[in-house]
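Q: The lines below spell out each chain.
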Amino acid sequence: MQRQYTVYLQSFISRPCVRMFSSLKLRVGEVLLPGDEFSFDTADRLSLTEAVKAEKVVCGPGLRRSGDRLLVCKSGVLRHKEPNTFWMDSQQRRYVPAKGESIIGIVTVKSGDVFKVDFGGSEQASLSYLAFEGATKRNRPNVQVGDLVFAQFVLANKDMEPELVCVDSSGRANGMGVFGGGGLLFSVSLGLVRRLLAPHSEILTDLQQLFPCELVVGMNGRLWVKSSTVQQTLVISNLLQSCDTMTAQQRQQLFRRVAQGAL
Amino acid sequence: DTSVLAGVYGPAEVKVSKEIYDRATLEVLVQPKVGLPGVRERSQEQCVRETCEASLLLTLHPRSSLTLILQVLHDDGSLLSCSLNAACMALMDAGLPMSCLFCGVTCAIDTDGQIITDPTAAQEKESRALMTFAIDSKERRVMMSSTKGSFSVHEMQQCIAVSQKASEKIFQFYRDSVRRRYSKTL
Numbered sequence: 001m002q003r004q005y006t007v008y009l010q011s012f013i014s015r016p017c018v019r020m021f022s023s024l025k026l027r028v029g030e031v032l033l034p035g036d037e038f039s040f041d042t043a044d045r046l047s048l049t050e051a052v053k054a055e056k057v058v059c060g061p062g063l064r065r066s067g068d069r070l071l072v073c074k075s076g077v078l079r080h081k082e083p084n085t086f087w088m089d090s091q092q093r094r095y096v097p098a099k100g101e102s103i104i105g106i107v108t109v110k111s112g113d114v115f116k117v118d119f120g121g122s123e124q125a126s127l128s129y130l131a132f133e134g135a136t137k138r139n140r141p142n143v144q145v146g147d148l149v150f151a152q153f154v155l156a157n158k159d160m161e162p163e164l165v166c167v168d169s170s171g172r173a174n175g176m177g178v179f180g181g182g183g184l185l186f187s188v189s190l191g192l193v194r195r196l197l198a199p200h201s202e203i204l205t206d207l208q209q210l211f212p213c214e215l216v217v218g219m220n221g222r223l224w225v226k227s228s229t230v231q232q233t234l235v236i237s238n239l240l241q242s243c244d245t246m247t248a249q250q251r252q253q254l255f256r257r258v259a260q261g262a263l
Numbered sequence: 001d002t003s004v005l006a007g008v009y010g011p012a013e014v015k016v017s018k019e020i021y022d023r024a025t026l027e028v029l030v031q032p033k034v035g036l037p038g039v040r041e042r043s044q045e046q047c048v049r050e051t052c053e054a055s056l057l058l059t060l061h062p063r064s065s066l067t068l069i070l071q072v073l074h075d076d077g078s079l080l081s082c083s084l085n086a087a088c089m090a091l092m093d094a095g096l097p098m099s100c101l102f103c104g105v106t107c108a109i110d111t112d113g114q115i116i117t118d119p120t121a122a123q124e125k126e127s128r129a130l131m132t133f134a135i136d137s138k139e140r141r142v143m144m145s146s147t148k149g150s151f152s153v154h155e156m157q158q159c160i161a162v163s164q165k166a167s168e169k170i171f172q173f174y175r176d177s178v179r180r181r182y183s184k185t186l
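From first to last, the protein sequence lines are chains Z and C.
Take 1 as the starting number for the first sequence in full-length UniProt numbering and just add one per residue.
Take 1 as the starting number for the second sequence in full-length UniProt numbering and just add one per residue.
Only chain Z is shown next, with the shape it has when bound in the complex (with noise of 0.2 Å):
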């Protein structure tokens, strides 16, 4: 009984994030508030017969630490992505930034060597006259304030004031840069753009098969649609913004309708 014990107590300290992965996975799909917790139960007993394996979790937006918990803070479904990776996926409007996301910013200021784009965030972000391919001291890039640039970010934390730039780590424009003239700009919720650029996603091949378009996507929630007339540009620009609040069945009937011309 006693040895019995003792087998346990080890395997209890050593593995402590077995019983987290599971209670995490129990609950991906549902809806959370914040203010619920995922917490290590130390009242259940380990299997002793089961191979026992450390399990690292990682957890996304939406999901804090604190101390031995792991705290929601955003409500939200919980996603769960192979082979151990949690968030909550939540709808808002207002743009955070976040390193690696490539934006839809407008110029603002036009100031030494330095632009000021506004993305939407709570500040504007400077874009250096040097990060836009083939740019030298000499040879600036033709930028003007009002300008869009599609751009990514290179800083973005909480303390400092986020970067932006204009070409990827070799040096390679890459779509990147300054686009714009005879486009249509408007910004829809975050979780529509998450949705657009997701791997085979449904809404982008059902809307390769209206018109054809140019479509730039932004991750702060602007989207700029230029089609070959205005008239398909506003449409194409309305049944983005309406399909935000529709399930995957009211969005394919409307398009539908629009491909047979009613609208």
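Hints in this document: simulated from the structure, not taken from any laboratory.
What you are looking at is a predicted structure, and each value in this text was computed from that prediction instead of being measured.
One or more hints might be untrue.
[To be verified] Incomplete in silico selection of chain C near chain Z, CB under 10 Å: (1) 11; (2) 24; (3) 53; (4) 55; (5) 59; (6) 63; (7) 91; (8) 92; (9) 99; (10) 137.
[Said to hold, decoys possible] Calculated pairs, DSSO-like style, for lysine-lysine (alpha carbon to alpha carbon, straight line, at most 27 Å): (11) Z:99 with Z:116; (12) Z:25 with C:138; (13) Z:116 with C:18; (14) Z:158 with C:148; (15) Z:25 with C:18; (16) Z:99 with Z:110; (17) C:15 with Z:99; (18) Z:110 with Z:81; (19) C:169 with C:184; (20) Z:110 with C:15; (21) C:148 with C:165; (22) Z:81 with Z:99; (23) Z:99 with Z:158; (24) C:169 with Z:116; (25) C:184 with Z:81; (26) Z:158 with C:15.
Note that the Cβ used here is the ideal one computed from N, Cα and C, for glycine as well.
Let chain Z serve as the given structure and place chain C on it in line with the hints.
A: Using the frame of chain Z, we list chain C on its own:
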């Protein structure tokens, strides 16, 4: 029938004079149905702001401002607890990081000593004491209390117990509303 419309804006730019270097600045504005905001609205703003600051994770957005605007649409009693509930739902829906939810419950003690929860304006006028408590969702503790009138310590403790039980229903309502909101994308 008391209804309050709540709107949250943020995290947005803040004036240099009002910015706090390590936390977000929370501003609450209560607009009455008729007239300009007065002293009563200021004290309500103070109560709501203290509660929100205790439950929001403000350190995640330093040097930003969060603005919460509460517009009174109809006042028929229990206005402060209605404002607290509207504020909590607005903050939760906007996606601001919170450590716990809160709800407001009003109790009135009438001349017979009976405890009435969520009194109407007529019941409030006849009561001898009126208490509003903000209860948090994790441990059902009192976060904020605002009282008016005369009552004993024992009566106050009874009211706190009644409010804690009533807060269960409000938190269940929050959960059902959020579930309905996300039902389309699930």
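Q: Take the hints in turn and mark each one as holding or not.
A: To see whether the hints hold, each was checked on the structure:
1. With its C-beta approaching chain Z no nearer than about 4 Å, residue 11 (chain C) sits inside the 10 Å limit, and its interface hint holds.
2. The restraint placing residue 24 (chain C) at the interface with chain Z holds, with a minimum CB-CB distance near 9 Å, inside the 10 Å limit.
3. The closest approach between the C-beta of residue 53 (chain C) and any C-beta of chain Z is roughly 15 Å, which is over the 10 Å cut-off, so the hint fails.
4. For residue 55 (chain C), the suggested interface contact is upheld, since its CB lies about 8 Å from the closest CB of chain Z, less than 10 Å.
5. With 10 Å as the threshold, the beta carbon of residue 59 (chain C) comes within range of chain Z, its nearest partner Cβ sitting at about 8 Å, so the hint holds.
6. With 10 Å as the threshold, the beta carbon of residue 63 (chain C) comes within range of chain Z, its nearest partner Cβ sitting at about 8 Å, so the hint holds.
7. With a cut of 10 Å, the hint placing residue 91 (chain C) at the interface with chain Z holds, because the nearest CB-to-CB distance is about 9 Å.
8. Because the beta carbon of residue 92 (chain C) sits about 5 Å from the nearest beta carbon in chain Z, less than 10 Å, this interface hint is met.
9. Residue-level restraint check for residue 99 (chain C) holds (minimum Cβ-Cβ distance to chain Z is 6 Å; threshold 10 Å).
10. The beta carbon of residue 137 (chain C) is positioned within 10 Å of a beta carbon in chain Z (closest approach about 4 Å), and the interface hint is therefore held.
11. The suggested pairing of residue 99 (chain Z) with residue 116 (chain Z) holds, with an alpha-carbon distance near 17 Å, which does not exceed 27 Å.
12. As the CA atoms of residue 25 (chain Z) and residue 138 (chain C) are separated by approximately 22 Å, the hinted pair is consistent with the 27 Å bound.
13. Between the alpha carbons of residue 116 (chain Z) and residue 18 (chain C) the distance comes to roughly 22 Å, so the proposed pair stays at or under 27 Å and holds.
14. The hinted pair formed by residue 158 (chain Z) and residue 148 (chain C) fails the criterion: a straight-line CA distance of about 42 Å is larger than 27 Å.
15. Straight-line distance between C-alpha atoms of residue 25 (chain Z) and residue 18 (chain C) comes to about 43 Å, which puts the hinted pair past the 27 Å bound.
16. Using a Cα cut-off of 27 Å, the hinted pair residue 99 (chain Z) and residue 110 (chain Z) holds, with the two alpha carbons roughly 23 Å apart.
17. Distance hint between residue 15 (chain C) and residue 99 (chain Z) is fulfilled; the C-alpha atoms sit about 25 Å from each other, no more than 27 Å.
18. Annotation: proposed proximity of residue 110 (chain Z) to residue 81 (chain Z) is violated, straight-line Cα distance about 42 Å (limit 27 Å).
19. Proposed proximity of residue 169 (chain C) and residue 184 (chain C) is supported: the alpha carbons are some 24 Å apart, at most 27 Å.
20. For the hint linking residue 110 (chain Z) to residue 15 (chain C), the alpha-carbon distance of about 22 Å falls within 27 Å, and the restraint holds.
21. Between residue 148 (chain C) and residue 165 (chain C) the alpha-carbon distance is near 22 Å, which keeps this suggested pair within the 27 Å criterion.
22. Restraint check for residue 81 (chain Z) and residue 99 (chain Z): the C-alpha separation of about 20 Å stays at or below 27 Å, so the hint holds.
23. With a C-alpha separation of about 11 Å, the suggested pair residue 99 (chain Z) and residue 158 (chain Z) falls inside the 27 Å cut-off, and the hint holds.
24. In summary, the hint linking residue 169 (chain C) to residue 116 (chain Z) is not supported, as the alpha carbons are separated by about 49 Å, beyond the 27 Å threshold.
25. Of the pairs offered as hints, the one joining residue 184 (chain C) and residue 81 (chain Z) holds, with about 21 Å between alpha carbons and a cut-off of 27 Å not exceeded.
26. Restraint check for residue 158 (chain Z) and residue 15 (chain C): satisfied, since their Cα atoms lie roughly 17 Å apart, inside the 27 Å limit.
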